[in-house]
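The residues making up each chain are set out below.
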Amino acid sequence: DAKTTQPTSMDCAEGRAANLPCNHSTISGNEYVYWYRQIHSQGPQYIIHGLKNNETNEMASLIITEDRKSSTLILPHATLRDTAVYYCIVTNYGGATNKLIFGTGTLLAVQP
Amino acid sequence: GAVVSQHPSWVICKSGTSVKIECRSLDFQATTMFWYRQFPKQSLMLMATSNEGSKATYEQGVEKDKFLINHASLTLSTLTVTSAHPEDSSFYICSAYGQGLDGYTFGSGTRLTVV
Numbered sequence: 023d024a025k026t027t028q029p030t031s032m033d034c035a036e037g038r039a040a041n042l043p044c045n046h047s048t049i050s051g052n053e054y055v056y057w058y059r060q061i062h063s064q065g066p067q068y069i070i071h072g073l074k075n076n077e078t079n080e081m082a083s084l085i086i087t088e089d090r091k092s093s094t095l096i097l098p099h100a101t102l103r104d105t106a107v108y109y110c111i112v113t114n115y116g117g118a119t120n121k122l123i124f125g126t127g128t129l130l131a132v133q134p
Numbered sequence: 407g408a409v410v411s412q413h414p415s416w417v418i419c420k421s422g423t424s425v426k427i428e429c430r431s432l433d434f435q436a437t438t439m440f441w442y443r444q445f446p447k448q449s450l451m452l453m454a455t456s457n458e459g460s461k462a463t464y465e466q467g468v469e470k471d472k473f474l475i476n477h478a479s480l481t482l483s484t485l486t487v488t489s490a491h492p493e494d495s496s497f498y499i500c501s502a503y504g505q506g507l508d509g510y511t512f513g514s515g516t517r518l519t520v521v
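In order, the protein sequences belong to chains V and G. Going by my numbering, the first residue of the first sequence is number 23, and it counts up by one from there. Going by my numbering, the first residue of the second sequence is number 407, and it counts up by one from there.
Chain V on its own, in the form it takes in the complex:
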């Protein structure tokens, strides 16, 4: 699986958009970009995933660069409840061989 690089921490003001970057320069053609978040002492929560097109759901938007070497997760209107560690993971999806290997993630602190 390709390795990802994320900033250790970020701050965001409540109500503003939070933009979380991720570098995955060694991603291969059939690997997806997944985003999960972990609120303190809970299991990770799926946010969104994409292959090459930009994606949007009720939680967030995912912008993937054309060369697929980096991506940005956008939380459009951050709230205090969005404070969590956000993990960007690159993997094929599905089955025993396609594990989710977690890096260190980005601690997003939403400030009032």
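In case anyone wonders, no lab produced these hints; they're calculated from the structure. Don't be surprised by glycine CBs; every beta carbon is placed ideally from N, CA and C. One should not assume that every hint holds.
Said to hold, decoys possible - Footprint (simulated), chain V over chain G, 3 or more residues, beta carbon under 8 Å:
1. 445–458
2. 505–515
Said to hold, decoys possible - Distance condition first, Cα-Cα at most 30 Å in a straight line; then the derived DSS-like pairs of lysine-lysine:
3. V:K91 / G:K447
4. V:K25 / G:K470
5. G:K470 / G:K426
6. G:K447 / G:K420
7. V:K25 / V:K91
8. G:K461 / G:K420
9. G:K420 / G:K472
10. G:K426 / G:K447
11. G:K420 / V:K25
12. G:K426 / G:K461
13. G:K447 / V:K25
14. G:K470 / G:K447
Since chain V is already given, all that's left is putting chain G on it; use the hints.
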């Protein structure tokens, strides 16, 4: 959406005893389950992968005789920490893969404290 129920949410046990953690997929069939361990202020570390009806595959450095994994049905996987010691105290989390779902679904985690 897909739900994985993990029990217990926390457990305290004496050193030398065994503890069993259960993960159930409530509304989908989990052909594969993954078990993770997380120490304070660290990321999740994959321990093992289990497929229904097969022996689990352990990551390098994880003792298979200490962390027994059973995946006897498509909705249940268990992790048993045998002869637990204080260094086994950690947050254990399961994750399940179900066909057709958007992503892997995680349990809520089990906080194990060995005293």
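Hints and how they fare:
1. 445–458: Since 6 is at least three, the answer is holds.
2. 505–515: holds (count 9)
3. V:K91 / G:K447: Holds - the C-alpha atoms of K447 of chain G and K91 of chain V are around 28 Å apart, at most 30 Å.
4. V:K25 / G:K470: holds, 27 Å
5. G:K470 / G:K426: Between K470 of chain G and K426 of chain G the Cα gap is close to 14 Å, so the pair holds against 30 Å.
6. G:K447 / G:K420: Holds - the C-alpha atoms of K420 of chain G and K447 of chain G are around 24 Å apart, at most 30 Å.
7. V:K25 / V:K91: Holds, because 11 Å separates the two Cα atoms, which is no more than 30 Å.
8. G:K461 / G:K420: Holds: K461 of chain G and K420 of chain G sit about 28 Å apart, inside 30 Å.
9. G:K420 / G:K472: holds, 16 Å
10. G:K426 / G:K447: holds, 24 Å
11. G:K420 / V:K25: Not OK: K420 of chain G and K25 of chain V at ~39 Å, beyond 30 Å, violated.
12. G:K426 / G:K461: Roughly 17 Å separates the two Cα atoms, so the pair holds.
13. G:K447 / V:K25: holds, 20 Å
14. G:K470 / G:K447: Status holds; Cα separation ~25 Å.
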